[in-house]
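Please assemble the complex out of the two chains, which come individually in their own frames, going by the hints.
First to last, the sequence lines map onto chains P and E.
Under the numbering used here, the first residue of the first sequence carries the number 39, and numbering increases by one thereafter.
Under the numbering used here, the first residue of the second sequence carries the number 4, and numbering increases by one thereafter.
Hints listed in this document are in silico derivations from the structure and should not be mistaken for laboratory results.
Computed from a predicted structure; not experimentally measured.
Yeah, the Cβ is synthetic: ideal placement off N, Cα and C, and Gly gets one too.
Some hints here could point you the wrong way.
[Said to hold, decoys possible] One-sided and incomplete, this derived list gives chain P residues near chain E with beta-carbon spacing under 8 Å:
| # | residue |
| --- | --- |
| 1 | D123 |
| 2 | E732 |
| 3 | R769 |
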Amino acid sequence: MKEGPFNARLKSLRTPNLSLSDLEISIGRVKRPEEVAEGEEPMGPTPMPGIKDLRYWDEILLRRYKPFYSPICDMCCFCVFGKCDLTGNKKGVCGMDIRAQQGRWSLLTAVTGLSTHFSHAKELVEWLIETKGPDVPIDMGEKTPVEAPITRVVTGIVPKKISDFEPVLDYIGREIGDLVASIHIGQESDPLDFESKVLHAGMLDALSMEIADIAQICALDFPKGEIEPPLVEFGVGTVDINKPVILCIGHNVAPGSEILNYLEEKGLTDSVEVCALCCTAHDMSRYRSKVAKIVGPISKQKKFVRSGFADVVVIDEQCIYTDLQEEARKVKAAVIVTSPKAMRGFPDRTNAPTDEIVKELLDGAPGVLIFDPEKVAEVAVRVAMELAPRRQKYKGLPDVEKIVSLAKYCKHCKACERACPNSLKISDAMYAAADGDLSKLAELEDKCFGCGKCETECSRNIPILSMIVKAAERQLKEERSKIRAGRGPITDYEMRMVADTWGSGIVPGCIALVGCANYPGSEREVFEIAKEFLERGYIVVATGCAAMAIARYKDEDGKTLYEKHHGIFDAGGMLNVGSCVSNAHIIAAGIRLAVVFARRIMRGNFAEIADYWLSRTGACGIVWGAMSQKAYSIATACNRFGIPVILGPHGSKYRRLYLGRREEPTPVYNVKTGKRRDEVLMPEHLLYVAESKEEAIVTAIKLCMRYNDFTEGRRSKIRHYVDAYFKFFGRMPEDLKYLVRSEDDIPSEMREVVLEELKREGWEPRKLPQQELVDVSTLEKEKLWTFEAMRRGLRWFTV
Amino acid sequence: MISEAYKTGNVPGPLTAVVVDGRTAGEIINAAKNPLFVVGSMLVTEEAGGRRLSEYAIEIAKRLSARGCVTITTANAISVFKDVKDVNTKIMGLVEVVDRLQDPNWGANDKPHDLVVFLGIHYWMASQGLATLKHFAPHLRTLTLCFMHHPNADWSFPNMSREDWGKALEEVVQTLR
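So here's chain E without its partners, still in its complex pose (with noise of 0.2 Å):
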């Protein structure tokens, strides 16, 4: 299934995202060796399903920690994760983050990454950069989590309101391991 993209002018190419719903996002996730879990600064701003957009990251992120993985937040998006413990951050700027993995080799966590998950960034800096990686990151596959549909990604949501979004949240994380 595809999805017209959020921003109607976004009509990047003939290669566009397949729609998944919150069930496939999460069974995506789980079956990736190495997620990245990229956060950014909607975090710090929005809501989704009545519940904090940041409450929805932690959770997610908590369970990637436990499998080893890290999550990389960009921009303000760290100032969420002040008083949680049990999750593996780092702090980068999402272009800096977007620029090393496209070397193959590069991990967040020294070991290469086979998936990116982006949250809440900025959405046109998540579409530039999902660009990026489409074209020169050939190693890598993306999936997006926000409300709003992304055709760079390999992956994406399609547009819903945030009641549906809260909902979408939560089953990715009910299915992840």
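Only chain P is shown next, with the shape it has when bound in the complex (with noise of 0.2 Å):
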């Protein structure tokens, strides 16, 4: 076959009149793929782009979907003009109003957020330059050749070695001087443009998030796109505390890592048991699947520390409970502090020789400060062994006896309830205790964050977290399960299977479970989720702590999602990607997609990938536990490359949505005529607060339409709408006029019923979208580059 500038191969394309398959098309002559070096991938219009550069793309959005402001404190305290009360349409001194106040917070939200995940990124790159050296090739394996496709698209470089991300990390920070400098009074003024530099934050969040992940797997040999990757032990009961015990809390793995090294060399790996909690564990397990185990996400870490099965706690960096370390020396368990960003006052002895080092903390040091992760190693495993015999798991639960005559005391004023997060009927539980029935407490341990706040509101000093944890100890000690470790990138390979149906919406959508555990009810919610889109064939992607929460538990059958499903990023796939940074190969599927499916450049060329995203790529992001600042950044991420974001209750607390309104109509583009056409908002809303678990199954299923939905995808998306809502709210949604196109898009078994309802809200057909072409929906004809260049006859594509 001649080849020509403009390529397309498809596995089948099907539509009411036409089924076509193994369909290839070549319009001209085009160079060879011998002919064409990978660095001739045309560079797009926006390399590095800076705080001004995307302006016109975030204009887009925000025309689409107005941020919807909830201002949580109706004062500015920001500088010593004030104390301004803004409420309603005051102004502060500055001349600030309340709305440009939330843009601000929503600015130092997301920036907090990026600011994280880049020194985290830049803290890994570094340590691994200088341990393994800087030319350790970025090699995602033979099935992903487009090894970074965030870093190519945001600033055109094509990494080959670890350090070649040295470069990229100096621009993130460069911008974040420029992003921080407009959150100072006098500067940025207007919300949207706080906004379009929230979503700049976002983006190179997502850079930083990649490049951490990347370095973190081609350095230390973590599963590259692996569909089976190991399972991995996974649970409080998976710990044998019978053995010296090191638990690792955080996000940074380079401390853990160098733990599971020495032992390995000095052949200890059976004699002390390695476990650890949030994204630590995450990559330990990833690094070490047969020997690292999963504890749990942030809500496990005072529960597992009070139960002191811990003989020695490192803590590395990110969402750790500021006063961990006074839990830890309470059951007197040593404590190794790493980062400096997390220093907690302890004294560094970074430098001090390791035998002293190992006496302070048997002598009883509150805790120690190192920043050699070796030296953390050997300091971590010597302590332990000596340590573990001495404390002979101290506990600082109290017996059940004593729980009694505490719930006893307790005087009822529910204190703890309006202190408690989710309000958890505490009293309740306590009135039970109180005639020796734990079982009311025990059920709370499934909702209870962990804060331990209940505790800080009482009165009577009444350790209400301990005794729930103690009343719950069986059924922890019972928690035991299988998790898959993070797997990382979702393959080209992977992505050229499932090209076709994904991105015609056959395979209805892709669902991301994400984010935290400061979960609105039980754990079991993202369990739940998860299932219910695994049994109607969406493909279920997960990271950081809803990645644990979906291991937690087991269905029917007694296994785990993660057993019961396939790992392949296809219809009916449970997919573990990995800690908090991985969540940069969610948001990479959509650019693969957008490269395989229609050969897009992906150098520099932020809008035009984003832009595919948007109108083309069914999918969604679920944050049901959202609570850190990475969580707002990670979602605002998603939002500026156009993928929308469900938050849970608690995310309502962020201050600012990105909302739509299906009956305004927005316009769209074709690519190839430049025709605009009014067309109904898709998706619906960029960043959305559900209020219930079913609320998030039902928007997240509207959520994944798309403009460019072929009919078969658009009568799928349309079955599961409509079921779900049957299912969860009895009755038939009232918004399916603005979903359906034509009569085409209706499943047939539900058609008249369908057609019932829209002839009672007047609904009329719409024209489709002609499928043969890729609509794209926000750009202007002259700014789509990868045509240009298909027109100049340049052929870059590597898969």
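So this is what it looks like as structure tokens:
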């Protein structure tokens, strides 16, 4: 076949009137693959964009999805001009009103999340260069030739070795400076310009996450997109407390991996139990899946430490309770802190002799600060081995008799319930416990975030969290299951296989369950959401705390969803992508799709790639336990790339959403003709808060719909939407007239009832997008760099 | 009279809700020209005064429907109205309805509203929704009928036990025209 500037291959194409398979289209003469070096991929218009360069793209997004502000504080106390009351239309002394102030808070939150991932990435890359050398190749495996999609899209750089990330990190650092400067008094004032900077921070956050994860995957030999990565032991009950126990907590794998290395070198792997909490746990199990055990997410931090199981607690960075070292001290565990970002008041003993540090900890020093991961490893192992027999698993939990007497002491003022983020019914549980029934206290454990705020509010100093943990001791000890180790990237190979079905909407969507463990109810809800989508044939990907929540529960067959479902990025696949920084691979999946399915240019071509995500790729993120600033910046990263995200109810306290209005038509443009037409806004929202699990499920189904769904694809999505509505709400959805374009979109089995509903709503059929074209919804034709490159006869794609 | 917020950390600013009892709340609703009743996910799970919260919500919704008013059900609250007749309901997400309420011309029944009444919505979502309306919908007054005091509303019940909540809701129902 003669090759041309436009080349396309479709495995299958089905429309109501046409059915084709193995279709290849090639128009005109192009360079043969062997004539084109990889570096010839054309550079798009915005390599390494500054804070002003993608403002035009943000304006497009923000016209469609207007910022929705819900202030959590009516005041501004940011400078010493004030304190200012901004209620209603009042302005502060500086001239800032409440809307702009929310924009500023939004930026502050996003930049905090970004800086945390950036700092994490920088620290990792520097450490890996120092320990493994600058030339560690960026090799993501033969199935993933596009090694770093976000890096390519944002910066134009194609990294070959780990040190190639250094200029990218320099770029992010410069941008953070500009973003933070915008927060200063007397700088930015327009809410939309604040939001553009927020979106910029989000994009840089995605870049930072990608660097961090690719660096550790390549240098530490983590799984590289394996569809069946090893199963890892998960749960409190998997930890052998008869051995010395080292507990690592946080997000930076450096100290944990060195501990595992040290144990191997000394032949002590079987003598010491190594377990971890939070994303450090994910990454340690990606490093040594048979040794490192995953205890759980942040909600288990205080519960596990108070139980007294850990002899040594190693703290690295991010999302670690800031009083955790006090908790460890209460149970006489040794504490080692390792990050300059969380030194926690401990003396820096990095340069002290190891013997001396070990002696200090064994003599009862409250903790030490050691920046050298190798030294951390030796100290942690030696202290654990010597301390364990002495501690004999000292416990900080009250016994049953004590619990009953404490419960009798409770005066039922309910200050604990009001302080509890989820208003757990502690008072009722106390009444039962006073009568010797601890079951109600035990039931609270599943819904308890483990913060201990209840205890700080109790005027009688009742250790409520400890009582809950003790009451739930048996169920915690029985908590044993399996989780797939974080697999890292979605491969280009998988994307080839799923491109036609996902790209056309026949695979109805990819649901990304990400984020923290600040759930509005039971942690089980995350498992239930995942199960619902898997049974519907969606692709479910998970990271961080959410990936762990899914592993905690088993279905009716006694299997976790990781054991029950395949691990391929395809319909019905249940993937643990990895830690927080692995979220980058989820965003990258859509970039890969744009490359495989539409041959979009990646390098420096942000807006066009994001437009593809927004207008073509059915996906939705769910951050059901949103808590941290990082979760906000990750959600914002998704948003700038055109991916909608649903937050759990606590996410309303982030103060800002991006909401659309389905009744307001928005323009879309045909990529070939440039012709504009008005369409129903789709997806309807970019950042949304759902109040219940059921609302999250039906909304996610809807937010997976795209302008360019093929008829079969839209039909499948409508089927799930109507079915889920009946399942959870017992009736037909009221917004079908916005979602059904033509009668062909209606599934045959529900045709009659849907048509009846549409008739009642005054629905009329609309024009379908021309399916043989990629309908770029939001860009003007002259900005379509991919098509300009095709016109010039370039061939750049490597997959 | 003022009250401490249910969530003690929820101290938004100088303008806080006035505490009302059930009878006063009913009169406020009676005085409104086109009140909008917004009910949430707690209708499915909560009890008040030994009765299901949904029973009170349905009673109030029926009285309002008789006046041509609409009840918006958020989240999965619609499920409790499944077999209920004579109630004019619509389904919307809480943030969707609050977003539209910032527009003084918008109405769920195509007429502008002058009062929004919340019942049974997740505490923080309700609080944040009320904050949006406080700042950006000066044409509206807001009332909450939850047992948790909401400082961001114009009028709110004080913090109360579920037993007292049932009594207060009964007063609302009895007072409504």
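Indices of hints not satisfied (ascending): none
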